[in-house]
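Work out the full structure: start from the sequences and follow the hints.
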Amino acid sequence: MDALREWLATTPMAQGMDPELLTGLAMLTFASLVLVGVALAAMIFIWCERKIAGYMQSRYGPMYTGRFHGWLQSIADGVKLLLKEDIWPANADKLLFRIGPLLVFTGAFLGYAVLPFSPTWVGANLDIGLLYAFAASSLVVTGVLAAGWGSNNKWSLFGAMRGAAQVVSYEIPLGLAVLPIVMSVGTLNLSQLIIAQQGYIWNWHVFNPIFFFAFFLYLISSLAEVNRLPFDLPETESELVSGYHTEYTGMKFAFFFLGEYADMFVVSAIAVTVFLGGWYTGIPAVDNFVHPAVVFIGKSVLLVMVQIWLRWTLPRLRVDQLMFVCWKVFIPATLGLVFLYGLSRVILR
Amino acid sequence: MTDLQLSERTATMPGDQARPLKSDLLHINMGPQHPSTHGVLRLFITTDGEIVHTVTPYLGYLHRCAEKIAEGTTWHQYIVYTDRMDYLAAMNCNWGYCEAVEQLMRATGTEVEIPEYAQCVRVIIAELNRIASHLIAFGTYGLDLGAMTPFFYALREREAILNIFEKVCGARLMYSYYDIGGVKWDIPPDAMEEIKLFLKIFPKKLVEYNALLTENKIFVERLANVGVLDRETAIAYGCTGPVLRGSGVDWDLRRDEPWGIYDRFDFEVAIGRGQMGTLGDNWDRYYVRMLEMEQSVKIIEQAIAMMPAEGEIMAKMPRTLKVAPGEIFVRTEAPKGEMGFHIISDGGAEAFRCKTRSPAFHNLHVLEKLGEGQMISDLCATIGSLDLVLGEIDR
Amino acid sequence: MVKILNDIRESITSIATGMGITFRHLGKKPVTQQYPDERWSMPDRFRGFVHNDVPRCTACLACAKDCPVDCIYIETIGKGKERQMSRYAIDYNKCIWCSLCTEHCPTDCITMSHDYDHAVYRRERLVYEFVDEPVVPFKPPKPEKKPKPAATPATSATDAAATPATDAAATPKPSDDGSES
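Residue numbers (the working numbering), protein chains in the order written: chain A, 344 to 692; chain B, 18 to 412; chain C, 15 to 195.
Hints are computed from structural coordinates only; laboratory data are not their basis. Glycine residues also receive a C-beta, built at the ideal position from the N, C-alpha and C atoms. Be aware that one or more of the hints could be misleading.
Said to hold, decoys possible - Just the calculated beta-carbon pair ranges, DEER-fashion:
(1) D207(B) <-> P50(C): 23 to 29 Å
(2) I430(A) <-> L140(C): 30 to 36 Å
(3) E84(B) <-> R139(C): 29 to 35 Å
(4) T71(B) <-> Y135(C): 45 to 51 Å
(5) I22(C) <-> E349(A): 47 to 53 Å
(6) R23(C) <-> N546(A): 25 to 31 Å
(7) P50(C) <-> G255(B): 35 to 41 Å
(8) Y78(B) <-> A433(A): 21 to 27 Å
(9) R123(B) <-> E24(C): 51 to 57 Å
(10) I471(A) <-> P50(C): 53 to 59 Å
(11) R70(C) <-> G365(B): 31 to 37 Å
(12) A433(A) <-> Y87(C): 45 to 51 Å
(13) E24(C) <-> A124(B): 54 to 60 Å
Claimed, not checked - Simulated pairs of lysine to aspartate or glutamate, EDC-like, Cα-Cα distance not exceeding 20 Å:
(14) K333(B) <-> E130(B)
(15) K17(C) <-> D663(A)
(16) K333(B) <-> E211(B)
(17) K222(B) <-> E211(B)
(18) K79(C) <-> E88(B)
(19) K497(A) <-> D65(B)
(20) K43(C) <-> E225(B)
(21) K85(B) <-> D84(C)
Right under this line is the structure:
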């Protein structure tokens, strides 16, 4: 964002402006850019998901709106959701029903402030960047609970309870899985974490034997964080109709969806930052030609595609199996990895 | 059960005496409109959080008075109503009814001789419809559990079968193909070629389904040791078909009380063996259906081999059929279980009473027993394993 | 401990196999058809909307009687030689496309067409009237007197004089329930 501020300072309108005001303007511009980007990205992801789901299921997916493989389908859906009647269930809790989707979207959106798209394109180069990202995404839990309770619907309550339990539980292995890398690099700053992987592809953290397992544990925990199959109990289509967002229509429903896809991108981007080399392509010669942001976003998109692939292949886990896997398999495993890495550091010093 | 049931859990803090936690049961309606109740089935559940205490099915949302209508339509016209009972296996329901009327005619003195060719055609078509019905059971089961892709693969194979049926009788779901005395149309040569092609490609698809869903660890964990139905309960509730065979009971009407020419076929009866968990759990019932599809392929191949080159498709029947007075109960093995027809004739052109014993109706009631103690997700899995079709439960 | 490792191994292999199957499908051609741009032609026996070729209809009412849901409405006026059919309507709200009506038609004027897509906005539009003004029912010509194949010359002359009873009689009465085969 410093780069953005510098660029804004050179524009005619910023001459003679108060520096604080200029910083505020830069922040506002950055946030708007990211908001537009997130909305566009969510639309593209939804279209991708429907097409990939279609081809995996021997069918086409959207083909009609936009004539070429239905590329306008997401925009058409967005317009439709805007124009829909805003239905409020009887005796719904007014405040909670309204802020549920907003909290979910905000929690996902806040994570974009620290994502290092390139060495200079960072919203806020925080020294606690990783911790901030995980903390911000926990805001989603409050939104889910608010939505479930505010809907005045027993099925929504079920979904919300499951969702809250799931997200809160899986944040622990999520955080613990990146702990060995933090121990290795010595900082929580996301840009520093990437810079530690510069050079050839084998410098990437994922190719280190201990970090390899941490990567897989992180990937699966991130699926649980964003409520994707095989952990989509909060929004099981076949049991609870739609779980905590059953009663929502129109823009509120759209916010839930935008929030889900935004969160998917955030956790994938963090995986790319911590494990997969960030904005480095792995071949130093190519790094000079390719813009780092393109590499970063490309790798994150690839991970999002993997999440989509998993969704359309696997059945979902039952809630007690989910909890069992988290508390009795993942947490011991990640703790074991932390211990192992520490031991290896002591031995190999 | 009283309205407010106090749970008997206790809460203990260190140093305290155990004091009972008074919590209420949650009364939830898994209403007529629900994605995983396979039709308009209403289940009234009382749960303690996620654990189900009681399940009470409420039926009748799809009741269309079929049995009353039977008393006003002729024997021949009623065949179209039998289509609409188990609409996923309409050919088998047709055959059950036609078999019942034919046996009543034989029992009351009229000689009904169904040609050999028609018998073979009847078996081929019925077994094809068994495969189609089990494909839907397999696909929707995956859908209930969140695996949405196998559903489309199942429908892709079912399309091949429905195309065959379209060539044979012109319809894709409500066939009314069987008639009292035979079948209405012959199998045209191009449909026969398609049947043979289908028999060639289908076993490979079954291997693919087993790799994608049956052996998937998550799927197995969801199904194994859940909804365990033991032999005695299954027999006591009158369960039949894959539900009974999944509990280890070796009973299949096609082998034990054959009708038509079923006594000439060599096939294995699939029964559950408790491979992945307890005997009689959801996985066993599901796997019995997968094995039955393989066996149906064998039966169809044998039927094609023993079919005469040409023959009559229909016995000689009067234009208006009148059945001599009498009553009979005939049961046949439909894909969901034993489909029984209790027909009483008073000598007229219409039935006096035609009661249908539908297999899913009796299989459904075992849910009250199986549901206790399960979680809601398990309840959805158990409903899927019972393979219910509300059309035949409500008639 | 061994069980947990076994579980993990089984999970990974089964999930990887499943993912391989879905991934392989990405390259295959989809099996669906882009309706309504692509349609396929129906097989010969396809049971679509019922169509009655009124010029050939003898108003024998066999189709109306055979229909299980009573969706064919036939009204005739007059009797005997002045008999006319004033209304032939099929109510497609009720028709279940079972083709029982086509089974016993003496002149095969009622057939199942290959149409299937006549959606309407109002239910009354689905009652198709085939007759605008009263028509005289079709009188099929008497079939030729076929000589009997293997009999002696003397008997064949007498037998050939009899009218074969299989094809429709000249003017079937409305109350005839077709009890002869």
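Let me make sure I understand: some of the numbered hints might not hold for this structure. Which ones are they, in numerical order?
7 and 16
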